[in-house]
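Q: Protein sequence lines, in the order shown, are assigned to chains A and B.
Using our numbering, you'd call the opening residue of the first sequence number 1 and step up by one each time.
Using our numbering, you'd call the opening residue of the second sequence number 1 and step up by one each time.
Derived from the structure by calculation, the hints contain no laboratory data.
Fair warning: this is a prediction, and the values are worked out from it, not measured in the lab.
By construction, the Cβ of each residue, glycine as well, lies at the ideal position given by its N, Cα and C atoms.
Please note that a few of the clues may not be correct.
[Claimed, not checked] With beta-carbon atoms standing in for the labels, derived distance ranges:
id, chain 1, residue 1, chain 2, residue 2, range
1, A, 13, B, 42, 23 to 29 Å
2, A, 53, B, 53, 35 to 41 Å
3, A, 80, B, 69, 41 to 47 Å
4, B, 42, A, 77, 23 to 29 Å
5, A, 71, B, 60, 25 to 31 Å
6, B, 69, A, 40, 25 to 31 Å
7, A, 56, B, 15, 42 to 48 Å
8, A, 52, B, 42, 29 to 35 Å
9, A, 82, B, 52, 39 to 45 Å
10, B, 26, A, 82, 27 to 33 Å
11, B, 109, A, 61, 30 to 36 Å
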Amino acid sequence: DVKVTQSSRYLVKRTGEKVFLECVQDMDHENMFWYRQDPGLGLRLIYFSYDVKMKEKGDIPEGYSVSREKKERFSLILESASTNQTSMYLCASSLWRNMNTEAFFGQGTRLTVV
Amino acid sequence: AQSVSQHNHHVILSEAASLELGCNYSYGGTVNLFWYVQYPGQHLQLLLKYFSGDPLVKGIKGFEAEFIKSKFSFNLRKPSVQWSDTAEYFCAVNGWNNRLAFGKGNQVVVIP
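Isolated chain B, as found in the complex (with noise of 0.2 Å):
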């Protein structure tokens, strides 16, 4: 079965400082990459996916990640952040058995 690794669970930055989320995924076979967004209070929304082509997808917000299939990993990044972007990120793995794995999430705040 698939498993996913976030790293550094609290985050916590100033605004316009840039941010980058790690996730690593195992799973040997062919799969999709998801990150999704929880807002204080809301439920979760999808920021951005990867299923095959370009490995750097660009998502809503202007979040964006890259695909390394060598490293198993799929980082977010997003260059300059706002107060707003304060929320959880999960990283989620979705492989043949469409079992759709999640890792333990990042906790961001941004301070304005």
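Extracted from the complex, chain A is given alone in its bound form (with noise of 0.2 Å):
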């Protein structure tokens, strides 16, 4: 069975702090995705990697960088936390090789910067 982990379903960190998501997939993936989910905006992409120390912006990247030092690995960065960066934070991967198939999701992390 397919799985993506986020190492946390609920965070609350302060404005200014440093903060990490990690997330990790054991299907050997070589896309990894970084979303934001808030009502009424769907999901908006961050970053995206398709291969190891390779990443791309999406359409919403500032504020945020990424690592990915391994394959299975993608983390998210928050540089200095801020309060608009309260948000349900979603990763997800999917095959390279072949466009033909579907991203899978983690169960996401519910980020609240106070």
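With the hints as a guide, bring both chains together as one complex.
A: So this is what it looks like as structure tokens:
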């Protein structure tokens, strides 16, 4: 059974803190994605990666960075958390070699910045 | 880059009513199309997908979607909904760049 695991379900951080959200997949997928989900706005792509050490900006990369040192792990970093980054963060993965494949999602991390 | 439009963000209907959710995308090349569902408190799950072939695609739980290339549309339908179909539904498009783009979602509430 395919699995995408996000390290935390709920997280509360203070404004200005550096925040790490971790995601691990066990399917040997090349592509990994970070989205944020907000009511009425759907899923917005923050960053994605199609290989180790490779990354591409999504639609809303400002205030975020990512790291992919190993194929199975994709980290989202909030350099200095702000209240407008309070959101649900979703990690996903998919195969690269064949675009005819769906993405698999983790359970999400609900981040609150106070 | 590809983009996806979903209209009528909130849909409320009674059990046994028919459901149709619209999805339009903008992308000039070959696309793969998806509908995902998120039940309350659960993670996103694939409902159905279109890659090629028959434009009428059948998914899980009695859902189907039709790809109309000339209209850049991929509308989701279910002839008779149940209370358990209460969920948020997302249309998504994947182009050659593997950049999976989502619409804003439809919150569907089915009243028993």
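Q: Work down the list of hints and note, for each, if the structure agrees.
A: For each hint, the structure was consulted:
| no. | hint | in the structure |
| --- | --- | --- |
| 1 | A:13 <-> B:42: 23 to 29 Å | 25 Å, holds |
| 2 | A:53 <-> B:53: 35 to 41 Å | 37 Å, holds |
| 3 | A:80 <-> B:69: 41 to 47 Å | 45 Å, holds |
| 4 | B:42 <-> A:77: 23 to 29 Å | 27 Å, holds |
| 5 | A:71 <-> B:60: 25 to 31 Å | 30 Å, holds |
| 6 | B:69 <-> A:40: 25 to 31 Å | 29 Å, holds |
| 7 | A:56 <-> B:15: 42 to 48 Å | 44 Å, holds |
| 8 | A:52 <-> B:42: 29 to 35 Å | 30 Å, holds |
| 9 | A:82 <-> B:52: 39 to 45 Å | 44 Å, holds |
| 10 | B:26 <-> A:82: 27 to 33 Å | 31 Å, holds |
| 11 | B:109 <-> A:61: 30 to 36 Å | 34 Å, holds |
The structure fails none of the hints (numbered hints given earlier).
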